[in-house]
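Visitor: Protein sequence lines correspond, in order, to chains A and B.
Numbered by numbering that gives the first Met the number 0, the letters in the first sequence go through residues 0 to 313 in order.
Numbered by numbering that gives the first Met the number 0, the letters in the second sequence go through residues 0 to 313 in order.
Just so you know, not all the hints are guaranteed correct.
Same chains, same names: a pair is fine if it fits in one copy or spans any two.
Unchecked claim - In silico DSBU-like pairs for lysine-lysine, Cα to Cα no more than 30 Å straight-line:
| # | residue 1 | residue 2 |
| --- | --- | --- |
| 1 | Lys-57 | Lys-193 |
| 2 | Lys-127 | Lys-214 |
| 3 | Lys-266 | Lys-176 |
| 4 | Lys-292 | Lys-193 |
| 5 | Lys-176 | Lys-206 |
| 6 | Lys-176 | Lys-193 |
| 7 | Lys-124 | Lys-193 |
| 8 | Lys-278 | Lys-266 |
| 9 | Lys-278 | Lys-41 |
| 10 | Lys-193 | Lys-41 |
Just so you know, the hints here were simulated from the structure itself, not pulled from any lab data.
Protein chains: 2
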Amino acid sequence: MYIGVDLGGTNIAVGVVDENGRILHKGETPTGVGRPFEEIIKDMGDLVNRVIQESGYKVEDMKSIGIGSPGLPDQENGIIVFANNLGWHNVPIREELQKHVNLPVFIENDGNTAGLAEVIAGACKGAKNSITITLGTGIGSGIVVDGKPYSGAHSVGAELGHLVVQVDGVPCTCGNKGCWERYASATAIIREGKEAAGKNPESLIYKLVDGDMDKITAKTVIDAAKEGDETAMELFDRFIYYLTMGIITIINSFDPEIIAIGGGVAKAGDFLMDALLEKVKKHIFYKSAPYAKIVFATMGNDAGIVGAAMLGNL
Amino acid sequence: MYIGVDLGGTNIAVGVVDENGRILHKGETPTGVGRPFEEIIKDMGDLVNRVIQESGYKVEDMKSIGIGSPGLPDQENGIIVFANNLGWHNVPIREELQKHVNLPVFIENDGNTAGLAEVIAGACKGAKNSITITLGTGIGSGIVVDGKPYSGAHSVGAELGHLVVQVDGVPCTCGNKGCWERYASATAIIREGKEAAGKNPESLIYKLVDGDMDKITAKTVIDAAKEGDETAMELFDRFIYYLTMGIITIINSFDPEIIAIGGGVAKAGDFLMDALLEKVKKHIFYKSAPYAKIVFATMGNDAGIVGAAMLGNL
């Protein structure tokens, strides 16, 4: 049995997971960002102990704790080097957590744990070489090669949201310009949806929110596109084009066996997938050679816990 | 001892290589593109036999033949699936070559063999995880992970020249738009050099070729930039910016230990490297974390033979 911890900016979720990636019991607590890291990690430890107890198992039944963290974890030294949305810098999470629970602690970037979960129990099961893309506020990503998360030589890899797809493009939070997540995330759809609806008040996007632009979500835009609204369709088409160009970059470089797409935007379903597959086919480099299967991720919100737990079973 | 074959659009180069990647003897013959593949491969076989004989060794002293080929080789079946600049499509190179030399035959994309050569005997020696970029007519690339060429799940990977860096940008030979090699290859410098010199006849680029625009090479533009010519400097700066954005994409995704840069454009030396390192540092995602060392490739024209030969020693 393994403990998986999904450490997010809003909540900490913890689960007891078996070796097949099945969650036996789980629980969560608010992260309470802004407090000293010792307090946050104490809450994490308390939650781990509580979830184990509620599951009917004992700490001794657990092989390890795996933590999926945002930002840049240093797996070797058990430190979170940076995590912007936690406000953390060089936090010794392993040492601190072990004050509360005496188990081995593994840490990994949360994009990679989500990718690992898809390989162990989700859409990428059985693949030797897969990439999971999460379209949300940004674009999260996890690369798994031969069953193990790939994070490169300095653990700074797999930040696929920061592929540069438009030199001199939209400024990104990372300080660069034209990063993929500025064009193909939920945030991008919302930004462009607001802009388009402002210019075209006759658009269905505008009507769906009764003119209250702050209510525009990615779903608003996609729903309007599904209904055939011209402004929304144009915007959606552009979004799919940018999404495609990042996927093409991934295929032309990594050539994964499978690419799984998750996150809120993926809820658009076949409407999104059909458009994406058509565009990828059109723009791919080797047009008659086989290339990555593109599918939806299937682990949903459990991906973080499952992937983190499985860090102890690699 | 191993045989390495560098199969190019102009020449076929063959060498006898020891297990340390040292070339003991080599020779070459024109490829003669346009002839039936049987003839070309017969010439290749004859050259292999001749080079072995001249080296003082015997065929029995050789463990294998490795071939670095342009395009898309199918290593499993010993076939070149496509190679545009040879005009080849599904050529059974292994079977055909074995009619002339009775040795095991390995094939690999020539970008990957160049990368392998740098790992075995060049700039990336000792690295677990490296990427070699060749700035020439296009951008060639080789990824080596744990000492082995990485070409992905369908052997279509490592075409880093076709990273999309400018959505809707300059049309590429691959059918897509905005590929990296349209902006950061010698061809790109020449194209932009001609355009800029045409508009600015007072520019040193124009003077260096006595107004004969067809004589403009990447070296012309870089030499003019080194002399402080404004038009050339602007163009070079833009070239470095695009080169940087592809490198950033590589670091943010693969996070290699080392990136080696070769090809004709690399002859610009420190002038290029200093400008590149400065821009990479400025635009990198994790600004205070360590990232890939960026250096020049050192194997030069021998890379193709050495890397191909070493396919038999992985």
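Visitor: Which constraints among the numbered hints does this structure fail? Numbers only, ascending.
Guide: Of the numbered hints given earlier, those the structure breaks are 1, 2, 4, 5, 7, 9 and 10, listed in rising order.
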